[in-house]
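Please model the complete structure; the sequences and the hints are all you need to start from.
Which chain is which? The protein sequence lines are Z and V, in order. What the first sequence shows, in our numbering, is residues 42 to 260, in sequence order. What the second sequence shows, in our numbering, is residues 152 to 517, in sequence order.
FYI, nobody ran anything at the bench for these hints, they're computed from the structure. The model shown is predicted, which means the values in this text are computed figures rather than measured ones. Using N, Cα and C, we set each Cβ at its ideal position, and we do this for glycine too. Nothing false has been slipped in among the hints.
Covered stretches of chain V (chain Z as the covering partner; in silico rule of three or more C-beta atoms under 8 Å from a C-beta of chain Z): (1) 216-228; (2) 250-258; (3) 275-288.
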Amino acid sequence: MTILEFIMERGDEIILLTLEHLQLTVISIGLAVLFAVPTGIFLTRTPKISSTVMGVVSAIQTIPSLALFGLVIPVLMMFGLPIIGWVPALLALFLYALLPILRNTFIGIKQVDQAMIEAGKGMGMTNGQILWRVELPLSLPIIMAGIRTSTVISVGIATLAALIGAGGLGELIFRGLRTINYKLMLAGAIPAASLALLLDFALSLAGRLLTPKGLKIAR
Amino acid sequence: MIRLEGVTKIYKGDVKGVEDLTFRCREGETLALIGTSGCGKTTTLRMVNRLVDLTRGKICVDGKDIYDYSVVKLRRSMGYVIQYIGLLPHLTVARNISVVPELEGWPKARINDRVESLLYMVGLDPEVYSDRYPVELSGGQQQRVGIARALAADPPILLMDEPFGALDPITRQQLQDEFLTLKGRIKKTIVFVTHDILEAVTLADRMAVMNEGRLVQIGTPADIIEKPANQFVSDLLRTHYFQLSLSLVKMEDMMIRNVVTLVEEEGGDLKKRCTSIFRTRRVGSLPVVDRNSCYRGLVTRTSLRDPETPVIYDYPALKTTDTVVIALDCLKRNPSLEIFPVVSSEGRLKGLVSRKAIREHFTENI
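Shown next as structure tokens:
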């Protein structure tokens, strides 16, 4: 039986687990975007605390991913929340996804040419108008790049979610590892890798579509 | 229009930016703030639209303290042009110009009309340029758009911070020339910052010379060139002394002499006599004098059609002793006039000088 036939045979299960994997990734990235983009904008306005916050988020990123799954469990226990399944998995993935988005939002907004902001202010734009009409459109490509990085990392790390009972394609990989069944491993690894590539491609396309035309034209 | 009273700016660490500045910019005039780098001229300009807060003193616009206006309303009543232009790269030329009208909530059709007429005004064909992006324009074209953008919502005041400073000399000269024509048409109160004395002399009705945060001298370009208040002003002028001395050439040296005139009291129908002179002598304008050859007024091809009298009696004249800089002031005050009679100190007509001759003398030598 070839690997392809094997995958076909387990088709239903693989599709189910892929969808689960996708859900884990999309929900955690969604939450990370909702949290990290506004925080990144806020940090550009409060230079005093920006390095501290950035440091904390960077520290989270340096924790090995498997260890992070281990670390979130006692924290959740303290708050009486479920310690296995989706909650710890989403929390860990969310924390992991923060840094690239936060850092790129911060840098993206910081790199906006001061002349543009000066011009905006001089024209009588309010701070909100400067943010929406000047800073965000000009930093969008950089913010999108951060989201893309986070997404690809998340697809990878989400395979570990199987270890704490959150499902996803990791299940097939770990089951295969335990039974030394390489076909089972590949049945989890190939869709996971494809998912990462696909999301990366989709986001790069979205990034290009969202980039204002005037920024794409080469000088 | 804009009044500064004892304006002082002290930056952190007791660094003096501007000290005890008091002067006025009159309605409709173009005032240049000039001085060396770090003299506080840009700070002064930025205090007017509250991009910099003042430490002490008061700035009034239309008699009202600028801190009694809402900051947004204040800034929208002043167009602002900066050296680095600051066009938004993600918006087309048309959208860049429409920023303030959009913020002000103008209807779409009105914005489109405005953009079109502004682009014509700054010499860019709307058909060609409306949908381009800033990166697709040259520096000079970008600054034209910058000026159009500042004028978009028709603010009564225009603030310009070294508007032509980032351009190459040829483009700069071209834009200065066009700006001079433009400002005659738009009738705004303009304050601009420059370190280029020649730019100030060419464009401004009055100049405020600043040094180390203080006002050193304020007056018309002619006043300042002819009577510099102190060593600093002389030094500032000295770098361009040769060029500026050319601007002290007098009207009697450049006017056309022996012009055809009409003696008013010689009898007969004034209009018929004018018409026949215009036909036979092929002149563009005809100065009218009395028996003592004292200047009375001017007849032009347009005024000839006036049903009342063909003579414009209050037509401005220059004096033989007026210098090119003074004549330049006269050009700025009368943007629509092409020819000026030149009279002696006793009021006798001595010749004619054209706008073109004055401008060419100035731009070619300076």
